[in-house]
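Chemist: Listed below, chain by chain, are the residues.
Protein chains: 2
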Amino acid sequence: MITISVDVMGGDFGPEVAIPGLAKSLDRHPELKFLLYGEEDKCTALIAEHPKLAAASTFHHCDISVRMDDKPSKALRQGRWRSSMWRSIEAVKNGEANVCVSAGNTGALMAMSRFCLRTMANIERPAIAAIWPTLRGESIVLDVGATVGADAQQLTDYSMMGAAMARALFEIDRPSVGLLNVGVEEVKGLEEVKEAGRILKASELPGMNYHGFVEGDDLGKGTVDVVVTEGFAGNIALKTAEGTARQIAEYLRAAMGRTILARLGYILAKSAFDRLREKMDPRRVNGGVFLGLNGIVIKSHGGTDADGFAAAVDVAHDMARNDLISKIENDLKLYHAKQTIGSVQAAVSQG
Amino acid sequence: MITISVDVMGGDFGPEVAIPGLAKSLDRHPELKFLLYGEEDKCTALIAEHPKLAAASTFHHCDISVRMDDKPSKALRQGRWRSSMWRSIEAVKNGEANVCVSAGNTGALMAMSRFCLRTMANIERPAIAAIWPTLRGESIVLDVGATVGADAQQLTDYSMMGAAMARALFEIDRPSVGLLNVGVEEVKGLEEVKEAGRILKASELPGMNYHGFVEGDDLGKGTVDVVVTEGFAGNIALKTAEGTARQIAEYLRAAMGRTILARLGYILAKSAFDRLREKMDPRRVNGGVFLGLNGIVIKSHGGTDADGFAAAVDVAHDMARNDLISKIENDLKLYHAKQTIGSVQAAVSQG
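Chains as they are written, first to last, in my numbering: chain A, 1 to 351; chain B, 1001 to 1351.
The set of hints was computed from the structure by calculation and includes no laboratory data. Hints may be right or wrong, so weigh each one.
SDA-like, lysine to any residue: derived pairs with alpha carbons at most 25 Å apart [unchecked claim]:
1) Lys1221(B) to Phe273(A)
2) Lys52(A) to Lys71(A)
3) Lys1221(B) to Arg277(A)
4) Lys338(A) to Thr119(A)
5) Lys1221(B) to Arg246(A)
6) Lys1221(B) to Gly302(A)
7) Lys71(A) to His1211(B)
Extracted from the complex, chain A is given alone in its bound form (with noise of 0.2 Å):
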């Protein structure tokens, strides 16, 4: 059984849209549990609206709501221990569920994250992760935005993290990885990039095929499976694909307005431009993942409607299915093992 914790007051619209999106993805999984965290007053009702999801939820109420513009300073002094934010990433710790989801602002809900479920062993700082679509289906990309920049280690770190969720959500054995840079000669790019290579090369980890450095393009193609920067690079590159698809989206829709010809030509080729904008929906991959913490929590986009968050809700249901957390544990215990004997090895050989 799979449990998921909710924040359902997160996001632009809170309950408005989480309950509905929840419902949605319990229609395709209906094996899931819920926890929901919110404000009771603005809930039952929504909650009353769909009888399968009320069967599958306990509800909880808390006092405080976490803001959209509340800093996470703010949101930890106000809102730790009651506010529906925390009380759902609670809820993973406690073990009571296996997942946590909310659409509530991405700065608050890290702090809490960190400041709940602490960082991993090993691990010095979280990083958030992007599913990406691409022309060859789906890549992940991380760290999109929990920390600006990251040392060889930190990126190492990255690349595991990443390979695990890989494996966990597209099942695949051994995922290909990529460093972002800037060309993909071994001579050039950041300093901590090529040692991230040099390390990952020499580390020959099972768990991930090792690709080296990949450019911006590589993103869209979907030459790797597992694309790793820091978070600097990487939210630029994340909100730069998203402004150019919308532009593009904008170019797309003021040409097919111009001529009743265009107009008639749109009409007719409907069905394809349905499927264009199917491809190009945003929401299709909507869920940023927290990795690097003892325990999952998915956030959703803030602004998204219920469809969106159903597609965050059925990440956290793939990770969670496929034990995310324990395969970044197993890996990162191998690779820290293998550091060991190859220290020891080599003060062996030294001596």
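Given chain A's structure and the hints, the job is docking chain B onto it.
Modeler: Positioned in the frame of chain A, the structure of chain B alone reads:
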């Protein structure tokens, strides 16, 4: 009179693309004069096919052509003084040409440009500026990959150079300038970006309107005329946008070929699709501009065709006609004079 020096051997196709490209740009700007550098046996017949171009050009034979895969160090060692790339840059240094255009490899072109032209007074490192198509028209984005990393002072320098280029290219008095960051609040993001924001706000330069922080999705929106970032994030943003545009074009192609109705619709809406293709055409805004050197060098995309090369020559023409170099020099002088006055005042008030 504007004279443009051209390395006709650069790019994947060398003179086959450069020479017809020059002829196209000359049709649009009949007042242009060209100094052409290349291998005589590969160019003479091609030039003869364009009598107007032949009349407007002086050809200089060069024994050596820098190859697309030459490392910058090798290009400098073998190609200095003698290659078509070097001599086209040198023509700018000697005052024989107003601006240089090459489709040669970026690393070699930047290394030779730095070595030959040297950085401007008060500028530590040059930047590459790209012209970015937006929903509002075009913006300038720099640095898209000249150097990795930049401190607050370098970001401030880039802002001034970018603003001067916007004045030269778009003919506006006070272009708006934004610093690329993760999140628009003043508390977020990289320390050096925040520091550059404080400097730009305090400096109140007459040649720009400092807007504040922008995010990745502001690039496509055209929120500001000039977007400033360091070369790693800038290169990743540029390539991610190019990759996303290609990805969507691919989706569109696939969707339109799927059913007979869609194909019929495509035929009816063909002129609209042609307009869209034109909007998305990377050749329209082909040409990275090297800024911060004592002379302007335009890098055309290596894989472009004659139309793309002509677009790069058009950019060179606009830069020279509006005397970009003087604009940058004046802004830098003004800024550094202000800084000096500021530190004298600070010293007086402290003393």
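Chemist: Now tell me if each hint is right for this structure.
Modeler: Now the hints, each set against the structure:
{"no.": "1", "hint": "Lys1221(B) to Phe273(A)", "in the structure": "holds (23 Å)"}
{"no.": "2", "hint": "Lys52(A) to Lys71(A)", "in the structure": "violated (36 Å)"}
{"no.": "3", "hint": "Lys1221(B) to Arg277(A)", "in the structure": "holds (19 Å)"}
{"no.": "4", "hint": "Lys338(A) to Thr119(A)", "in the structure": "holds (21 Å)"}
{"no.": "5", "hint": "Lys1221(B) to Arg246(A)", "in the structure": "holds (9 Å)"}
{"no.": "6", "hint": "Lys1221(B) to Gly302(A)", "in the structure": "holds (20 Å)"}
{"no.": "7", "hint": "Lys71(A) to His1211(B)", "in the structure": "holds (23 Å)"}
Comparing the model with each numbered hint stated earlier shows that hint 2 is the single one that does not hold.
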